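Guided by the hints, dock chain X onto chain H, whose structure is given.
Listed here are the chains, written in short residue letters.
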Amino acid sequence: MKVLRLADPEKCVGCGLCMFACSRKNARDPRMGIGHAGIRAVSLSGFERGATVIFCHACAEPPCAQVCPTNALRPRKGGGVTYSEKDCLGCRTCVDACKIGAIFGRDDGKIAVCVHCGYCVDFCPHGVLEVVEA
Amino acid sequence: MRDRVLRINLTDYSYEVEERPELVEEWIGGVGIAVQLFRESMRDLKADPLSEENVIVFANGPFTLAYPYASKTVAMFKSPLTGELGESHAGGRTATALASAGYTAMVIEGRSDKPVYVVVDEDRVHFRDGRSLRGIRDSLILSRILAEIEGGKGERSIVRAGYGGEKLVRFACVTTETYRHFGRLGLGAVFGSKNLLAVVVRGKKTFRPRDPERYREVYREIYRLGVESDAMKKYHLLGTAENVLPLRELRALPVKNLTENYIECEDISGESLAEHSLGRRIACAHCPTACIHIAVLRQEYENERYFYKTLMISYDYELIYALGSMIGVTRRDDLLRLIHRVETYGLDAISTGVCLAWATEALERGVVSEKETIVRLSFGDADSYLKAIDYLVEQPNEFYEALARGVRFAAKKYGGEEFAIAVAGNEIPGYNTGYANYVGLLIGMRHSHLDNGGYSLDQKQPKLEAREAVDRLVKEEMWRQVLSSLVVCFFARGVFSPELVSRAFEPLGVEMGVDELNEAGRRIYLEKVRLKKEMGYVPSLSDLPERVFEVETPAGVLRRGYFEEALDYYMREYYSKV
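Heads up: the protein sequence lines correspond to chains H and X, in order.
For the first sequence, the residue numbers in the numbering used here are 1 to 134.
For the second sequence, the residue numbers in the numbering used here are 1001 to 1578.
If we strip away everything but chain H, and leave its shape as in the complex, we get (with noise of 0.2 Å):
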C-alpha cells in the first residue's frame, strides 16, 4: 500500500499547489479552490519562520475512523483511512480526534482527508511531497 510522505518539509515555500491540486483531482468533479483539499500549507506563524503542510501521515490505528459514527471513515490497508462521501454526517467528530489537525471540514459541509492517492506529488514544484511504499 502506498501512502503520501513529507520527502523534505524544510523544501515547503508554501505554494499551496498540493491544496489546489487535492481539490481538483475528482476528474470528474474537480473543484477550484481549497476547499476540498485533505492537506493544507501553513506558514509557521508567520512566513519569517517558513512554511510547511500538514495532512494525514497514516495512522496505523486511526483515531478519525474510531469516532466516525457512520462508518464513512473506515481503517485503509498500509495506514490512514478510507473516505465515503456519501455516508458522511458532516458531524466533525473525526476533526476534533485527529490531534495533528490533518482533517478538514469542507465547503459543503463534509470533510476532506488525504487518502494517500499521490495525486498533488506531481504538483509539488520542490520536492516536499513523495509517495512511498507503507
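It is worth saying that the hints were derived from the structure and are not from the lab.
The model shown is predicted, which means the values in this text are computed figures rather than measured ones.
From the three backbone atoms N, C-alpha and C, an ideal C-beta is built for every residue, glycine too.
Here are the simulated PhoX-like cross-link-like pairs (lysine-lysine), alpha carbons at most 20 Å apart as the crow flies:
#: 1; chain 1: X; residue 1: 1533; chain 2: X; residue 2: 1577
#: 2; chain 1: X; residue 1: 1371; chain 2: X; residue 2: 1413
#: 3; chain 1: X; residue 1: 1153; chain 2: H; residue 2: 99
#: 4; chain 1: H; residue 1: 110; chain 2: H; residue 2: 86
#: 5; chain 1: X; residue 1: 1153; chain 2: H; residue 2: 110
#: 6; chain 1: H; residue 1: 77; chain 2: H; residue 2: 2
#: 7; chain 1: X; residue 1: 1387; chain 2: X; residue 2: 1256
#: 8; chain 1: X; residue 1: 1205; chain 2: X; residue 2: 1153
#: 9; chain 1: X; residue 1: 1205; chain 2: H; residue 2: 25
#: 10; chain 1: X; residue 1: 1371; chain 2: X; residue 2: 1412
#: 11; chain 1: X; residue 1: 1463; chain 2: X; residue 2: 1475
#: 12; chain 1: H; residue 1: 86; chain 2: H; residue 2: 25
#: 13; chain 1: H; residue 1: 11; chain 2: X; residue 2: 1234
#: 14; chain 1: X; residue 1: 1532; chain 2: X; residue 2: 1046
#: 15; chain 1: H; residue 1: 99; chain 2: H; residue 2: 110
#: 16; chain 1: X; residue 1: 1205; chain 2: H; residue 2: 110
#: 17; chain 1: X; residue 1: 1460; chain 2: X; residue 2: 1234
#: 18; chain 1: X; residue 1: 1233; chain 2: H; residue 2: 11
In silico contact screen, one side only, chain H against chain X (beta carbon under 7 Å); selected entries:
#: 19; residue: 13
#: 20; residue: 14
#: 21; residue: 15
#: 22; residue: 32
#: 23; residue: 47
Calculated Cβ distances over 10 Å to all of chain H for the following chain X residues:
#: 24; residue: 1124
#: 25; residue: 1130
#: 26; residue: 1221
#: 27; residue: 1471
#: 28; residue: 1472
#: 29; residue: 1557
Same frame as chain H, but now just chain X:
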C-alpha cells in the same frame, strides 16, 4: 465567472453583497472591474485622498483559484502621494482568500470613528474594535496578533497597514503575508485615514469548471510551461536581485540620487546576497516559482555577548536600488538593516529611498540644514538613514512632515526640485536605462516601471524613434491590462500568451478569442486614461526632474527634444482621443 462584489461601509459599519454579472462580462476582472467600481463608488473624483470620500477597491479575477500564477490582487484608490489614480498590486494569499470567501471584488468606503479591523468570512463581515491594536510600531507584531486571534491557518490572508500608515506617511504601504506589499502610491495612508488597521479575509469556497476534463488538461499545461520555463527559473534562483550587477555594468543603476552611474556594490548584488545571506524562499499562493527571497541577518547585541537576534528580511532588486545604491549604501548588513526598518513601519521602500537620497543631496548643497534633517545625512551612512526613517514616520518637525508627503512636495517647499527624482509625484524605480524607461514612467498609468516595462524596451531596442517607442509602450501596457484583469503575475507574462489565455478561458465557460482579448486590453487602458483625465491629470514634460537630462545613461545624456516629440505624439494619438 465569479461576479460577487462585497461593499463594506466603515462609517456605519454595514455591508452588502452585489451580484454583477454585467461587470465581469464586459471588464473581465481585476484592473478591468476595479476601474469601474472605483469610478462608480467615488462620489467626487476631486475629493481629498485622505478624506472619508476616498474608496478602496480590491479585485481578483477569473483565473484566481483556477490556474497557477494567478496570485495577485489589484488595489485601486485615490493616491495620497500623487493625488491621482492609485493602483497597486500584491501577491501573498489575498487573491485566493478573497475568491475563496466568494468575492471577486471588495469595495471599502467611508471612515470609522475609532480604529477597527474588518474580518471577511464566507457569509458575513465582522467589524472588530481595534483600539488596543493602535500604536504598534512593528507591523509584523500586529499581524501575529491578528493571526492568533482570528485563526483560519492556511485559509486566510491578513492585509494590514503598519505604523507608517497610521501616521499617514503618504507612501505608506499595505502588507500581506509578512512579505508582500501593495507597495506603491500610499494605500497604507488611505487605510490610516479611514482608521482601518487591517482586513482579514478567509474562506474555502470552491467553484466548478464548465469542462472538467479540459480544465485539468489546460491546468497541467500551464503548470508545465511555468516550471520548465527559463524565464520563471530566473525569478526562482537569484530573483530580481540578479539585475544589480548587469544594470550597474550598463551604467543604468541609479547611484547617490542619480548624481552618478557607477558604484562598487558587489556586496549587495543578487549573487552575494544569495551566497551569504539567503535563508529561505517562499511563494505566493498558487505560484510554483517561489521568487520571494528572504535573507537572514544575525546581529549581536552591543553590550551582551553571545546574545543575538536573527531577523528574516525579504529583498529584491528595487529595494537594493532604493535603500542601497541610490543612497550610497553598499554593505550587505547595512542594506538589510534599512530594509528591515522600512518593513517594520510598512513604508514603500522605493519612495523612502528616493526621499532620503534627495534629503542627503539637499543637505550637501545647503538647500536645507541639519536643523531640518536633525541627523547628519550622508551617502553610505546607514545609521543616519535608520534615524531618518524613524523621523519620517514620527515627523518631529516641519521638514519631516513635508518629506512624509513625498519628495515632490518636500522639494516644492524647500527647493531642489531639479534633483527630486520623481515622475508625476511618484518616486522613480531603479532603471536609468534610457529614453523608453522615462517615457514609460511619464505616460504609464501608475508612473511605475511595471506599467509598460520601458526599462526592458531600452535594453532590447535602445535606438527606437520617439513615436515608435510610444506605440510599443502603449501596446505593452494595453496587454498588461488583460494580465492584471485575469489577474496573473507579470513575472509569468512569458507563459500567458494571448493564445494560451484564450484557451485557458474555454473550460471555464468563457469564449474569448485573441482579438477579443486584445480589444479588452485596449478598452480597459482607455478607461483608465479617461479616469485619470477626469481626476485632472495632464502628462507634461515638467513631470520629469532636470536631473534626468544631466546624468549619463546607456543611451548617453538624454535629449529633451526626444521627450517633447514622444509626449506630443502620445497626447495626439492616445490622450486626446479619450
